[in-house]
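A.B. asks: Take each chain as given, in its own frame, and dock them per the hints.
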Amino acid sequence: MTVTTPAPNPARFIRADGPDKVTGSGRYTADLTLTGMLAAKFKYAGIAHGRITRLDTTAAKAIPGVFAVLTQADVPNVRFGPFVQDRTLFADGVVRFEAEIVAAVAAVDAATAQRAVDAIVVEYELLPVVNDPETALAADAPLVHTDWASYGASGALVRERNDASFSSIAKGDVERGMAEAAVVVRSRYDADGCHAAPIEPRAIVAQWEGDKVTIWTSTQVPYDARAGVCETLELPANRVRIIVPHLGGGFGGKCGFHFEAHIAALAKAARRPVRLLFSRREEFLAPDKRRESICYDFETGVSSDGRIVARRVTLVLDNGAYTADAGFFSQLGAMHALGPYRIPNLLAEAHLAYTNHQPSGSVRAPTAPQTCWALESHTDEVARAIGMDPVAFRQLNAVDTGLEGPTGQIYGEIGVQECIERAARMAGYGQQLPDDEAIGVAIGWWPSFAVPSGAYVKIDGDGSAQIITGAQECGTGSVMTLPQLAADELGMSAADFQLVYQDTSVAPYDMGATGSQTLFNNGRAVIAAAAQIAQQLRALAADHLEADPADIVLADGQAFVAGTPGRAVPIATLAGIAAGGELLIGHGSGMPPGPPPISGSTCVGDAGMAAWVAPQFSCHAVRVKLDRDTGVARIMHVAAAHDSGTIINPLGAEGQVQGGVLMGIGQALTEGTGYDNEAHQRTAGLLDYKLQTCADAPPIDIHFVQINTPNAGPRGAKGLAEAPNVATAAAIANAIAQLVGAPVRQLPMTAERVWDTLQEVAQNTIGGAA
Amino acid sequence: MSFTIARTVEDALAAIAAGARPIAGGTDLVVGARHGKAALPADLVAIDRIAGLDDITAGSAGLTLGANASHHAIEHHPVVAGSYSALADGSALVGSPATRHVGTIGGNVMNASPAMDTGAGLVVLGAEVELRSLHGTRRVPISELWSGPGRTIAQPEELCVAVHLPQPAANSGSAYLRLEYRRAMEIAVVGAAANVTLAADGTVAAVQVALSAVGPTIVSVMGLDTLVGSSVADAAEAAAAAASAQATPISDVRASDRYRRHTVGVMARRAVETAARRAAGETIAIPVNRTLGIGAAS
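As given, the protein sequences belong to chains X and F, one line each in that order. Everything in the first sequence is counted per the UniProt record's numbering, starting at 1 for the first residue and increasing by one. Everything in the second sequence is counted per the UniProt record's numbering, starting at 1 for the first residue and increasing by one.
By construction, these hints were calculated from the structure, which means they are not laboratory data. Any given hint might turn out to be false.
Derived DEER-like restraints, expressed as beta-carbon distance ranges [to be verified]:
hint, chain 1, residue 1, chain 2, residue 2, range
1, X, Gly428, F, Ser147, 46 to 56 Å
2, X, Asn711, F, Gly36, 46 to 56 Å
3, F, Ala98, X, Gln498, 30 to 40 Å
4, F, Ala98, X, Pro650, 30 to 40 Å
5, F, Ala14, X, Gln498, 57 to 67 Å
6, X, Gly155, F, Val30, 49 to 59 Å
7, X, Arg384, F, Ala199, 42 to 52 Å
C-beta: ideal position from N, C-alpha, C; glycine also.
Just chain F, same shape as in the assembly (with noise of 0.2 Å):
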């Protein structure tokens, strides 16, 4: 048993490789074990102190997030909220201010659970993770990351270093919403973000949409191609449409498979009107589920 403190990357990777298992903030890893989820790991290397990892880097190439980039810190930075709304959106509905503050992106993201917040958002907008090992580094499209719940494609012996989302088009926006059963300390009932580029016309010219917490990842609505053109109107129903239809939800206590496969089709056709509100300029606060009461209206 060990716990080791990592000043770099480099030690964090040499602890990894000797079987280490990286912890952050710990607001998966120490309360699954607390429930009985999965023990603690025997070794465990933290990454919390890694000097710069925390970095959120805006430029012209895109955005990078640093593994360590709390919740909080992404919902409040001014680039993600303006440019990157979706993950904004979905970083200030993660738990509570607590669970805000030591949660990270990294951990979000290799925890790898389906209803996780900031997860549709990444993948509609494009996020790479950086994987990174003693052996070298590797890029990830994120909606390839994940290979079931709570499993990633990546290594034992990698580390998620930083996510990489490249620089939105122009007259584009995005969102994220979730239906949810009450305002803190909660998990995504389903939730959709979308990610809406308008044409100088108002209409479609592109839009993704990805859905949370009704498959075993995060799922990517495929065959919006041929909304393009199509009113934000007319894009926004067939979003839920094809959300309702290629959503594959469960049923637990949470809610019924058929409720869930309702719902996410709303979620869907307002993330859609939502990202063609910002798409075309409007300021609507993060996150989208307090401003526009979505979900549970205020």
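Bound conformation, chain X alone (with noise of 0.2 Å):
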């Protein structure tokens, strides 16, 4: 049984930096101008794999206005990669995808170094071209790393050849579970890459002063992308500042490490600042952020009385050339396929495939909605298998609080059938509708990430405040929901508090807008923080007002004996007397809460994902409309049931599931990333990947679950960035299904495959009556 507890006074609030992006005042990387800047280039491989047996700069760096020209061999020679040491900054020998960079140039402007890396001389020796995921798990297929084995790699994972990362989730007997099975349905699923697409294409500006340097840079992970310049620039940490302006959105694709080292040390052998400034097409190309296409094959067997008995799934993602940050996704893209199901049997066992495609990496929510489509397509064919209504099936066999998932961790207090109960009722499920129309329905789920995080509130001696934070602030607003934490801690209002933020050397660290954890993890912080300096202020009070501290309540900016309002100072008198003597400053970072306990369950390749934190649950439910002529399905309204937690901000919360609905519709249905026989993409800009537009956003109706989740973020709050990018695809799937007569197994399920499947049906048809 849940519990519903609405969060204590939910304020709608607008952001803080919401007028500056509006009004254009607000600064981006891109806007940066420095004294003697120059521009940087990037000259890419162009082909997919090949050895380099020429590389001549010398034409490159005659050019006048060109101030340095680099490869790999003016950089410290390190192998970098958060999971695996598989990479280089520059080629080292080898390219394996596209968009490797082969060299850099610094030059007085773009066209000037456009100039230089034509000039650059590149001969290859072109090697075979690994192009699909599948067949580079074949024992004789071509590597695409030879020294494979030689990489530094994480203990966790489990590599052979062109697996980067094998992981198996395994429970019970699923061969006796297959046996005692009433039915048994087996599915096959394919979904494409896809992008990130932020609409600010990054920008990197760099500048040194004596032995330090200073990058500005679009990311969303300031700490990380630090750590990656330290590392392959061989700097301590404190010799370098990272820097974030207004960052333009992020999606996960400006997690990780990219070009800031790239930009550095240009800037360094140029002796100038140096700026890069992306295309939309390198955006595209270059950053190993894309999300991996997945092949899944699942099996799944039931009782005759409608219950999971067994389920056995195998996943092969795409890799692409590098493993970045893509190699726990081999474990997180199992428990995705798995779903938050009661499973008693089961088998499922994923692979990291290197290909000579863009390096896969963490875009919003990885792995989770194209195997939440793939997963909840196969979970309506199950239902229909056995005759069952496809929300009764899910009824019966979703998880609840108080019973296991599938690697054996017991939830506490769960929102998943409560969320299943509600977005059938906003959608209107079970109406009578027309011929032309169905109502599909997927349940998601998502972890929230706990892990360390610090920051610093001060109280100036005219009583205004400022929140010195290391968190990162990527489009989600979360960074703006911190004054208000602060502001409860100590009684005061969010408008008091000015955050301080995005720079690596005035704040303590944060792992940054990724994982949906800032308010999670920084709101915890932020709170210990402000509560160090309440601690003083009741000192200061108690002092002041002659009470004992513990007497001191600090509410509508100003403290006061309990019980006895008119014994009250202001919080503004107080910090002017703590001015003059110790000052007002908090530092908090709290101890983050630890993974719950699993058993029952065996896991190879375990890279953490096993066992979840404040587990968020959602049901996305989705009226589409179809034209059959033409395959072209239409959104008619989205119904969007999430349990994260407590809702501090119900404008910023309602945003995100917005958002990340719109996004589900693209990857539904437009959003997608082909390769050519050369495995170049075919699809590198906006006129040919399609994003969706306001013109085709549906009316979306959101409800949030709110329950008290056990060791959850600050007041019961998981994580919500990512959730609602997890289902949308899944419950449209579900609909074309219905209208289709079958489900289109390839994503996005494009109108001509949509189409294609209903010729398909009609010839099967016809063939069944002959």
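C.D. replies: Below, the structure written as structure tokens:
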């Protein structure tokens, strides 16, 4: 049973950085200009796989206005990577995808830099292109990394040849479970990769002063970027300062360490500040963050009363040419393929296959939307096979409070069942619909990431306050929630606080705008920091009002004696007193909650994704209208119910769900990255990579199931930035499958793929009749 | 390198004769240059401030669109919407509100994209393009203007100054619609326009159909004369079959040739049906794609 407890005084507030961004007064990295600044350009491989037989930068260096031309020979010989150290800053003799950086140029302007790039001579011996993740796993497949075995790597990873990370989850006896099942359903699904596509192509400016470098960069993870610069250029952390001006969106695409070290190295060699501005095409091709394509083979056995008794599933994920942050995706993908269901007997096996594609990496809820799409399409097939209503099937088989998940984690209070009930009700599930409309339903889940994080809070002599935090804002508005938390702790108003953030040299560590973790972890840190000041204020007030510090209450900008509101002193007055004595400074971090216990399962290649702290659940129900003559689907209405714990700012939370849903619609229908036979991306631009527009947005009804979650973040909050992107494509798929008469087995479910499936259904029907 | 602001057509023609390229809204020229399609010409003459060149004039002889008439103005002009609906349907689908405010009919026509949204409508409505140079003026039937993707028969010193449309026949109606994957910033996957005249008995007295994005230029569907006297339903089916048969689509990342060949037939059928409904006096709001949800059911 779940207990619904509304958040204390949920405040709908407009984020502090909103007016700057809307009016154009906000400054982004590309807006910066430094005296003497040069323009950077990269020389890309242009081919997917080849050995460099000649690399000559002589002509490029001779062009007037060129200040520096760098290759791997000019930087420390360091292999890096968060899970597998399989990468170098520049190509180290072999190029492994089309946008591998071979050389970098700094010149007086972009045109000169481009001329120099064009003047760099590179010759290749072509190597066989590994263009398909499944065949990459064959014993005789050409290797993307011939030296894979010698690379350093996280001890948790299980690696073999082109399989950069194998992971399996096993529980019970899947053979016996299948044998005992009344019906066994097998399905194959293929999801194309897709892109984060933030509106701001990335920009980086680097400037050295003596032996210290300052780098302004559009990153979601400033400390990660700093760590990458320190590792590859062999610098201590205190000589590298990362500053992020306003960030123009990320969606995961700006997680990880990217090109900061290239630009710092150029600036050092040129002895001038250097700026990199990506084109839209570069933003598509070069970052090691593209949502991984995955293919799935599902097999699920159910009893005659509709209970799932066994599941076997195999996933092959496209790692691309380098492992980036995808090392844990095989286990995360396996968890999503098993799903938030009670399954006594199961085996999931996932492979992360090297190919000669752009490296995969975190894009909003990595592995989740495409795996939810495949799993939930399969779930509808299973329900249909035993003649059960898909919603009733989920209500029967989904996990719930006190029950056990796929790895044997016993859940505390969770709201998945309430999400199903709410989403179905908001969508009008079961209503009579026209022949060309249907409602599809899907459930999804996502972990909360409990990690270290830090913040300072100070109140100056005039009573105004600052939060100095390592947290990074990527557009979620999450950082903007922090003043509310500090204000509540100190009995002040959120407007009393200004934020200082996105500068690694002034604030303590935070993991960054990644893993939906800002509020969960940095909120904890800010509250801890504010609590230290609250203690100082109580002591000051007690002294001032001649009372016991334990009796002092902080509220409405004042400190007063409990039960005697007349005995009060403004906090600003106390701040003035403190300014002449012990200053009001707090620092906080707080211990992140540890992982919940699991038992009864065996996890190979355990990258830490088997046990989920404060898991989030969702159910989306989507009404779709289908033009059967063309295969074009239109989304008429979305109902989204979310258990993301307590909601601190409903306005921001609703924005996250709306954005996640719209991104999910794009992934469902129009966003996909295909490769040609030479492993070149076919849609590396916004003309052919079709994001959804405001004109396409359907009405979206949202409900937050707010329950008492154990081990959650501040006030019971979980994350919310990624969860809304998980279940939308799946729900759309289940509506389309009803209208078509069969599931569309490739993502995105483009109009042509829907139409092709309609033709297959028609042929099968005619064939069956004949 | 030069940038000339022309105040009169004659100013513009002189600059063009000297080698400058005209620029009005710049939605193709500038975007194309940014995407590396073709570098910006060294010499440009801006024609957007020429007085009167954006006039839309309706009279007994028909309709004249100044070359600078914007898609927004065309979409919202009552005579265009009422009597030349296929053109308004097309203008209303171009790009985004920003594109429609600066993009012009002259630029759209002379850019000669086979996927242009106004082209098929102009063909079925019998448009002529007025080309002017320092040496004189000529009128070219629009279906003869385009010689290939991005190419026209206009001479380098000629400027498109107007598009002329004849008075539509009594009891006629027209429509343009396209297959689209999203509702803004989209390019036709395929498109079709139809102009239908009905006889007193409700049968088809005349029908023209033209197609976008299924060949190197806008395709006029041939052989529809035989449909005179048939029912609208039969004419629509026959037009669909003819459209699919006469289309010569390519396969690219947006669609396969097979899918385009099929869907251009669907668009042609719906264009004939919609044009006939308008011919019969029904008001179907501009653009058809939104009102009827064609291509992406609304």
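A.B. asks: Output the numbers, in ascending order, of every earlier hint that fails for this structure.
C.D. replies: Going through the list in order, the structure violates no hint and respects every one.
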